[in-house]
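Going down the list, the protein sequences come from chains E and F.
Per this note's numbering, the very first residue in the first sequence carries number 6; after that it's consecutive.
Per this note's numbering, the very first residue in the second sequence carries number 6; after that it's consecutive.
Keep in mind that the hints are not guaranteed to be accurate.
Unchecked claim - Counterexamples of contact, computed for chain E against chain F with all Cβ distances above 12 Å:
hint : residue
1    : Gly118
2    : Glu162
3    : Glu195
Claimed, not checked - So the derived list for chain F, only partly shown, Cβ under 7 Å to chain E, looks like this:
hint : residue
4    : Asp18
5    : Thr53
6    : Ser55
7    : Asn57
8    : Glu62
9    : Gly75
10   : Cys78
11   : Leu188
12   : Ser205
13   : Ile206
Calculated directly from the structure, the hints in this document are not laboratory data.
Note that CB positions come from ideal geometry on N, CA and C, so glycine has one too.
2 protein chains.
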Amino acid sequence: MIKEQYPSKLLEDAVEAIRSLPGVGKRSALRLALHLLRQPQEHVHHFTESINRLRDEVRYCSNCMMISDGEECSICRDHSRDRRTICVVESVRDVMSIENTGQYHGLYHVLGGIISPINGIGPSDLTIRELTERLERLTAESSDPVEVILALSGDVEGETTAFYIYRQISKFGVTVTSLARGLGFGDDLEYADELTLGRSITGRQPFHP
Amino acid sequence: MIKEQYPSKLLEDAVEAIRSLPGVGKRSALRLALHLLRQPQEHVHHFTESINRLRDEVRYCSNCMMISDGEECSICRDHSRDRRTICVVESVRDVMSIENTGQYHGLYHVLGGIISPINGIGPSDLTIRELTERLERLTAESSDPVEVILALSGDVEGETTAFYIYRQISKFGVTVTSLARGLGFGDDLEYADELTLGRSITGRQPFHP
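Just chain E, same shape as in the assembly (with noise of 0.2 Å):
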């Protein structure tokens, strides 16, 4: 039966194609490949040539390593954004994420990808000489203040991250600090983790009414 199951090689493939996606299982690799199969031929042209143009057209910005259609990135360009704050992250989303707070007004740097030596990657995977050649710039252009947001995730790989990084931004004698780490907002005390609670405690506020 098993050679029976598709009924003709351009669907197998198609699924096979979608079901490459991370969390496409077969069964919904099949359901979204007999969808597409539906729609309009110019709608199908449309979404892979949307595909196709971002993998080929899209650019890094050059100082912050973020998406970019140009040479700089839309947040670098905006030189309302304090230049001298710059908030390390691990990736794109990381960005997008930070941006839609609304709460911060300085640039980033993309990381792209995070110290896993689990996963093969190390240091020099990563864009932490760029971070460290923008500091030399940053630095020698004027004795302002520079602070580094070390804007990692809180796992085993996102501090040992963080503190290579330190140490290797160190001597540029910047300030640098990591997110406030604690409780949620509506976050309920009896279902927090020790860690998170610990941090809270240690961490705690002056209470402002």
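The hints should help you fit chain F onto chain E, whose structure is shown.
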């Protein structure tokens, strides 16, 4: 903040295109777009190419309307199958499901949908005319019995479609059957709905110990 949400128009276009897939939300679409961006270029091209080829080159079997790479599908081309039993189903996926059971050795007829006034789908949008022409040919060819299995879903739309087809094909003097309904294997009596349990009782079978 809304206009700044995407760092790149190319990314935004790709996310919008991926979001048009059923069951894919904004966050998943972004995740998939960024995943594709990290893949080798030839991998992405293979992905989009296989979808384009499916949409542009797939054909439908001239006999049963199943997806096919040629004039006739592999099931209709298989002359070891019973050519006078036709299983009428809504979609390509139903054919694949029934084929996977390994229990059916006749041919199929794919309606390409189900009668649904609420979705604006009438009998003329389905391949019912092709079915009647097929039965006309089959019954003219030989006086051997022909069986049509109406393998449609058990909801109102399925029942309506089955009844409509039944009226269209009864003039050919073919045997018309429908799928057995009842408790599924391993189903618990306690949790079965009344309709299903009722059908299981009225349609009870001789016990084979």
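Hint check:
1. Gly118: violated, 9 Å
2. Glu162: Non-interface label on Glu162 (chain E) holds, nearest chain F Cβ at 17 Å vs cutoff 12 Å.
3. Glu195: Answer for Glu195 (chain E): holds, closest chain F Cβ roughly 28 Å.
4. Asp18: OK, holds: Asp18 (chain F) within 7 Å of chain E, min 4 Å.
5. Thr53: holds, 4 Å
6. Ser55: holds, 4 Å
7. Asn57: holds, 5 Å
8. Glu62: With Cβ-Cβ at 6 Å, under 7 Å, it holds.
9. Gly75: At 9 Å from the nearest chain E Cβ, Gly75 (chain F) fails the 7 Å test, so the hint is violated.
10. Cys78: holds, 6 Å
11. Leu188: violated, 24 Å
12. Ser205: This interface hint is violated because 27 Å lies over the 7 Å limit.
13. Ile206: This hint is violated: Ile206 (chain F) lies away from chain E, its Cβ roughly 32 Å from the closest one there, beyond 7 Å.
When held up to the earlier numbered hints, the structure conflicts with 1, 9, 11, 12, 13 and fits the remainder.
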